[in-house]
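Read top to bottom, the protein sequences are chains A and B. For the first sequence, the positions run 1 to 411 when our numbering is used. For the second sequence, the positions run 1 to 291 when our numbering is used.
Don't take each hint at face value.
Listed next, the in silico DSBU-like pairs over lysine-lysine satisfying Cα-Cα at most 35 angstroms (straight line) [what the hints assert, rightly or not]:
1) A:395 to B:56
2) B:56 to A:213
3) A:50 to A:355
Derived from the structure by calculation, the hints contain no laboratory data.
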Amino acid sequence: MMRMPTLSLVGLSALALAGVVGPASAQTEINVIVAHFSDNTVVTFQNAAKRFEAANPGIKVNIEDVSWDNLQQRLATDIAGGTSADISIIATRWVLDYANNDIAEPLDSYITPEFRSRFYENLITPGVVEGQTYLLPILASTRVLYYNKDLYTKAGVETAPKTWDELLEVSAKVKEAGEGAYGFGIQGKEIETDTYWYYPFWSYGGEIVDGGKSGLASEAGVKATELYKSLIDKGLSQPSPTGSNRQDIETLFKQGRVGAIVSGPWLRGQIASEAASLNYGMAAVPTGTQQATWGGTDSVMLFKSSKNKEAAWKFIEEGVFSTETRLEFTLTEGFLPVLKEEMDDPRLAGDESLKIFAEMLPVAKFAPLIPEWEQVVAITISALQQVYLGQADAKTALESVAGQIDGLIAQ
Amino acid sequence: MHRPHLLVPFAMLLPSLALVIWIIGYPVADLMRMSIHSVNRFGQVGSFIGALNYSKLLDDPLFWASFWRTCVWTVCITGGTIATSIPVALLLSQDFAGRSVARLIVLLPWAVSATMTGIVWRWTLNGQFGMANAMLMNVGVIDQPIEFLATGDIAFPVAILIGILAAVPLTVIIFLGAFSSLPGEVFDAARIDGAGPFAIFRRLTLPLIRPFINIAIVLNIIYAFNSFGIIWILTQGGPANSTDILVTYLYKVAFQYGKMDQASAMSLVMFAFLILFCGLYARFAIQERKW
Chain A
1 MMRMPTLSLV GLSALALAGV VGPASAQTEI NVIVAHFSDN TVVTFQNAAK
51 RFEAANPGIK VNIEDVSWDN LQQRLATDIA GGTSADISII ATRWVLDYAN
101 NDIAEPLDSY ITPEFRSRFY ENLITPGVVE GQTYLLPILA STRVLYYNKD
151 LYTKAGVETA PKTWDELLEV SAKVKEAGEG AYGFGIQGKE IETDTYWYYP
201 FWSYGGEIVD GGKSGLASEA GVKATELYKS LIDKGLSQPS PTGSNRQDIE
251 TLFKQGRVGA IVSGPWLRGQ IASEAASLNY GMAAVPTGTQ QATWGGTDSV
301 MLFKSSKNKE AAWKFIEEGV FSTETRLEFT LTEGFLPVLK EEMDDPRLAG
351 DESLKIFAEM LPVAKFAPLI PEWEQVVAIT ISALQQVYLG QADAKTALES
401 VAGQIDGLIA Q
Chain B
1 MHRPHLLVPF AMLLPSLALV IWIIGYPVAD LMRMSIHSVN RFGQVGSFIG
51 ALNYSKLLDD PLFWASFWRT CVWTVCITGG TIATSIPVAL LLSQDFAGRS
101 VARLIVLLPW AVSATMTGIV WRWTLNGQFG MANAMLMNVG VIDQPIEFLA
151 TGDIAFPVAI LIGILAAVPL TVIIFLGAFS SLPGEVFDAA RIDGAGPFAI
201 FRRLTLPLIR PFINIAIVLN IIYAFNSFGI IWILTQGGPA NSTDILVTYL
251 YKVAFQYGKM DQASAMSLVM FAFLILFCGL YARFAIQERK W
């Protein structure tokens with residue numbers, strides 16, 4: 001925030017001088033807000049800015065690092081106060097709010113066909129609202145099944161479970177092997193509790209929004225919920241999942257206390273640094289009637305209020321999406337690449353575990369673009385928790401939440 | 001005696017009054033404006049919608065559930081804190097070796113923010129890796145870990161206990177001050193007259209510290225009503241909204257659901273409650289001065 005007074009001062013003095021010495025060769029400044037993926041994120045973007053400034057004298061790029069927890073609130077405050085940056089990274093699922101309230105600049109007039117062709121097209125789609133492209137993805141991520149090879153071997157299991165039924169059997173064997181380990185970790189608390197349930201829900205053919213209505217109370221929804229409930233009731237998951245958030249089940253896995261969990265690419269890096277001796281494997285998320293997994297992207301957005309859109313776009317095209325920046329980002333953060341050319345790099349092409357995540361991309365499903373999405377998530381989590389706690393049966397809880405979601409969609 | 005002109009004290013109050021109006025009055029006025037308009041996630045004010053936000057709020061079962069839970073939360077924390085603090089302060093006001101160390105230990109938690117308290121307890125109470133479970137299992141009290149934060153039935157009482165723990169130090173300070181202000185000769189006289197310690201406490205101490213108890217109650221009500229950190233960090237109001245109090249639910253409505261208009265209406269309703277408490281506080285404060 002310190003830069004604002006300086007900026008207005010510069011503006012004032014420029015105004016004062018204008019009459020005397022004519023238009024000054026003012027430097028264009030671009031402010032970029034970068035979400036904090038890791039401590040390396042801001043470094044990657046600062047490097048991109050340095051290279052860009054060297055190639056484009058006259059444009060100065062300021063990078064600011066904001067944590068994910070504060071990002072939404074920070075952007076909202078800036079927008080309300082009229083002090084928005086020129087570019088920001090946002091979660092792709094927020095796009096509807098930013099597009100409908102005229103905050104994001106549609107990018108179609110800037111994007112050349114050559115530029116667009118460098119992307120995996122299906123990763124651009126989540127940032128398109130009513131035919132207009134508002135966002136460009138900077139990363140992609142999918143989820144896979146992580147399983148503990150040592151626990152599986154001791155339980156006499158040789159391969160990762162292919163279906164949810166197999167997962168039930170394997171989990172029972174892990175429990176019987178008597179190492180005190182749980183069969184399958186279920187997340188039941190805080191952010192992404194709903195996501196953890198979408199894995200079986202989607203693989204049984206469910207759709208979150210089906211024909212403009214909530215599809216949660218479908219047969220797939222009931223099946224998915226009963227699957228998790230039976231894991232809990234048979235003691236095959238950790239006890240009381242409503243006490244475990246994402247970090248908790250990941251910690252259980254790192255400690256070798258759970259047979260399998262579903263997680264994203266970041267867990268590889270964490271295991272390498274925190275539990276290097278863990279003997280684990282990765283496999284596709286188990287199937288019900290079809291293969292599915294959660295897919296997510298985060299994106300870069302250009303503010304409609306930006307006064308230097310041309311320069312800002314230039315930085316997006318030549319700075320953020322230069323092959324060098326993209327490779328630095330993908331390699332340090334461990335996500336999936338969004339540009340096809342990145343896979344030409346031997347470090348990515350030779351990464352076997354990355355392939356498992358990449359292979360899930362074609363079957364990955366993205367969060368649906370509906371307004372009130374955050375509220376839909378909150379009431380979905382609430383309903384799932386009631387079932388996990390045994391306070392409601394699957395069908396009743398899902399029907400009640402589907403009714404509430406229909407009301408929200410209809411608004 | 002010459003009575004000072006009324007204008008002087010008011011003139012001297014004026015600068016701070018102006019500051020208060022600017023700092024508190026402006027946001028409240030803005031909240032009022034937002035609560036009768038439709039406002040999007042970004043705080044952009046839209047069309048006038050009258051009392052719709054308020055009627056939506058009153059129709060929201062989660063608001064009412066949070067409201068009643070806030071009442072339980074506030075009453076339990078206030079009652080528990082007062083009940084704990086009086087004996088502790090009595091003990092600490094006695095003369096014994098190491099009294100200053102004991103006082104320091106009791107008052108130290110006050111220096112720790114509610115957020116830090118919450119984080120420490122979240123780790124301590126974790127069902128799988130928490131210290132509380134490890135200790136209980138080592139001692140042999142339980143043979144299976146308890147998931148303290150997995151159900152509202154356990155998590156909410158636990159949160160109340162932590163809330164009491166966080167509120168005790170300040171309340172103890174209030175009562176320590178109360179005890180040191182008691183006139184010694186009255187107690188000496190009672191003792192000479194043969195009053196036992198119980199009778200002294202009931203008939204003398206308690207009535208004499210009455211104004212301090214009133215202030216401690218009002219301060220604790222305000223503290224507990226607005227206490228966000230402990231519940232948010234322990235459970236985020238979950239599972240299934242079973243530990244939501246008004247402030248945590250307000251945060252969700254405003255910053256997770258992005259309904260700034262309904263959140264404005266809700267915070268004004270909460271503000272009205274607090275005005276009521278502050279009125280009580282002012283009344284007790286005036287009573288105390290007379291005493």
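> Which numbered hints are broken by the structure, listed smallest first?
Replying inline: none
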